[in-house]
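If you read the sequences in order, they're chains A and B.
Sequential numbering of the first sequence, starting at -16, is according to the numbering used here.
Sequential numbering of the second sequence, starting at 336, is according to the numbering used here.
Check each hint, because a few of them may be wrong.
[To be verified] Beta-carbon label-pair distances, calculated as ranges: (1) A:Ala42 with B:Arg370: 44 to 54 Å; (2) B:Ala353 with A:Leu121: 21 to 31 Å; (3) B:Val571 with A:Gly116: 49 to 59 Å; (4) A:Gln187 with B:Gly453: 25 to 35 Å; (5) A:Leu135 with B:Arg514: 32 to 42 Å; (6) A:Thr130 with B:Gly546: 50 to 60 Å; (7) A:Arg186 with B:Thr436: 47 to 57 Å; (8) B:Asp439 with A:Asn64: 42 to 52 Å.
Simulated from the structure, these hints should not be mistaken for laboratory data.
As the structure is a prediction and not an experimental result, all values here were calculated from the model.
Glycine residues also receive a C-beta, built at the ideal position from the N, C-alpha and C atoms.
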Amino acid sequence: MTVTPIDGSTLAAGSALAAGSALAADIELERLAAFVRSYTVEVLSRGRSSAGSGVIWHADGLIVTNAHVVRDARPQVALGNKEVVEARIVAIDKRFDLALLSVRGDGLHAAPIGDAESLRAGSLVLALGHPLGVHNALSLGVVHTVTTERGLPRYIAADVRLAPGNSGGPLVDTSGRVVGINAMIVGGLGVAIPSTVVRRFLRQVSASGAVNLSVPLAA
Amino acid sequence: MSTTPDSVLQSLSDDLAAAVAKASLSVVAIHARRRIPSSGIIWRPGVIVTAHHTIQRDENIIVTLSDGTTVGATLAGRDPTTDIAVLRLNSEVGVAAERATDADAKVGQIVLALGMPGSAVTAALGVVSATGGEWRSWHGGRIDQFVRLDVSIYDGFSGGPSVDARGRVLGLNTSGLARASAMTIPLRTVERVVEQLLSAGRVRRGFIGLGLQPVRLQAGVVKEQGLPREVGLMVVSIEEGGPAHAAGVSLGDVVIAFDGAPVSDPSELLGALSGERIGSAVVIRLLRGGSPMELHITVGERQRRKEHA
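Bound-form chain B, shown alone:
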């Protein structure tokens, strides 16, 4: 068998290795937990983006660049809802990753997942296995596109980039948003969250202080009131002194709409409580004793809890 330098497999192999070599310049190892380090991406010189759940301390973080130099870093902010954390290096070093900002991930597209769980950058090959629209994580974070990868997950993989065949970053890999499958957080989400974390140190989220449970509405009431949905959210707890409490919401009320949009799942309400609503008065529509009524709630800000993965 002759070896031709222009064989398709050989040139594919060369392209993949070149993509890894190029993207590697912007991959780092982060020592912020016990045992193996996690991975991170140089977002711009001096700024690292990584997976929140791998950062187990806020200070005394050591970052190893792909050329072996080590730099101290501190946590600039973290958003547990999207599993994104941002670190600031003690010096403005590093090569910013090139980003594939022009296109959404497509099913079947070749991806390389890079990581640096030690002294060297490592690579895994796969394809984009599923894509979908915007979704919400378990913790209520908004992710702009659903992108699941058919790539093996190795220790230390979280926080590293998935890159295309040209070595451009498609997203931030994490095993923290879905069980047993590799997800990549798309660039748009990373960009949005990073900007908020760098400017405010956190992602601001609205808060009304209600515990809610989906309940099936009485068929007669749905018909009589011409309600768009058959399920509402029953108030099962109210935070003392919180916005909903101040607005006069009672236990047993059933919330059917928030700011004009019907709600039948707590995640819909969580989604509507984005940071820009903080301080504004929103109309909440509910059923009390089977009769509809409206209340005005001034959205507060969700206080940060100490949340560690």
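Chain A on its own, in the form it takes in the complex:
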């Protein structure tokens, strides 16, 4: 195998593995964290020090976050390069606890979206966010359980350490794909809204005509 750090350099295939799988895992984690940072934003509300996190869902500037993170009619979003931009609320659904924001920004990287249905108890997951004013805090754990409703994932409970400010941020698999939006902490467990539910929300938004994109929001 090859281990490719985010800066594009290539480590000799054997060097990391020769030093042990723990080191190889460590290098991969670093690379993964940098990748997830590239599509995770901070959602700000005026007059508040910490607000929440968000995920760049589409390179055109569409950001998915939690409804409860958006406390302002004109929220602001801090992009990865620390640039703070005004955001427009495209849609809010309190039932799903999801919101869709739109920003103008150049060179935005959309997150690859994973499949929450492929998760099993014990699968490794990472959460990235800005809890309690700490920027880009990474937390590693395993899927605790995926609860389903009529055969479809409803919530992902994960053994990851979250705090206020993680809300709206991504829960990702080991390939860096977003499998959920971190939404709450229940009994010490991180609870995320599965990507399948986010897609359903986006289909509804798309059908309502709130956004008009050349690319379909959710396939």
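The hints should help you fit chain B onto chain A, whose structure is shown.
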């Protein structure tokens, strides 16, 4: 970023999920208390081992297997001192858990704590954070190895297994032996206690009928008698008609050795009173009025108290 199936994290993730899937077959939910159920491990078909403090009734216990089937169960025995209870299922169903009997837990080793506090098996990831030698619980139970986990404790976690990265059981998890930290009772202890509970319904413990308090001995007496320790155990209460009473122990005597071994902490004496001593005569060495003397005590059996967590 390309997704390579042979990435280390991906294969670790797959291995962990496979370990959970395998071990899950032997994890059950136990409905023997109000509110949320606790967890248990299928020790062999028809036999469940769990944490004593989560079993709040002896009958009308319902066990849910990981495939969703429910089976009635009765309490086969419980040992509050090690926080272990054994249940017998009404039918010999279930897949016995595979056990990691070959090695002791090591600090830094990856562990998964499994539980079934509802309809599905749940997992938490962590490492073994500390290990140590044999120790005694607050209630005097002998635990063969001290193993503390850096794993989050969730409701219903007690009674479930901690498993290694291959899905083999390392121990029985409980929050009942230490405050605010996850402990796992090592396999050796579980095996020993389960056998005793299945054969006798309880873990037999010796009893001499003394209340003891550590006291500092007079420096002169320690020197004069050449005593190995500066602390002894003063007799502060004697059970009427108990073994020590029958042997002639008096209030105010200071116990300094039991069966040839010096004692300066009540837990040492408790530890020496294991089940195999019951019925045997043991020499107890004490100081009475500053002078040493020896008495023979016939160890009795500790009667079970109604003990509920």
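Hint check for Gly546 of chain B and Thr130 of chain A - Cβ pair distance inside 50 to 60 Å: holds, 52 Å
Range agreement (Cβ of Leu121 of chain A with Cβ of Ala353 of chain B, hint 21 to 31 Å): holds, 25 Å
Leu135 of chain A paired with Arg514 of chain B, Cβ distance criterion 32 to 42 Å: holds, 40 Å
Val571 of chain B paired with Gly116 of chain A, Cβ distance criterion 49 to 59 Å: holds, 56 Å
Whether the CB-CB distance between Gln187 of chain A and Gly453 of chain B falls inside 25 to 35 Å: holds, 30 Å
Hint check for Asn64 of chain A and Asp439 of chain B - Cβ pair distance inside 42 to 52 Å: holds, 50 Å
Status of the given 44 to 54 Å range, CB of Arg370 of chain B versus CB of Ala42 of chain A: holds, 48 Å
Assessment of proposed distance window 47 to 57 Å (beta carbons of Arg186 of chain A, Thr436 of chain B): Since the Cβ atoms of Arg186 of chain A and Thr436 of chain B sit about 52 Å apart, the hinted range of 47 to 57 Å holds.
The structure agrees with every numbered hint stated previously.
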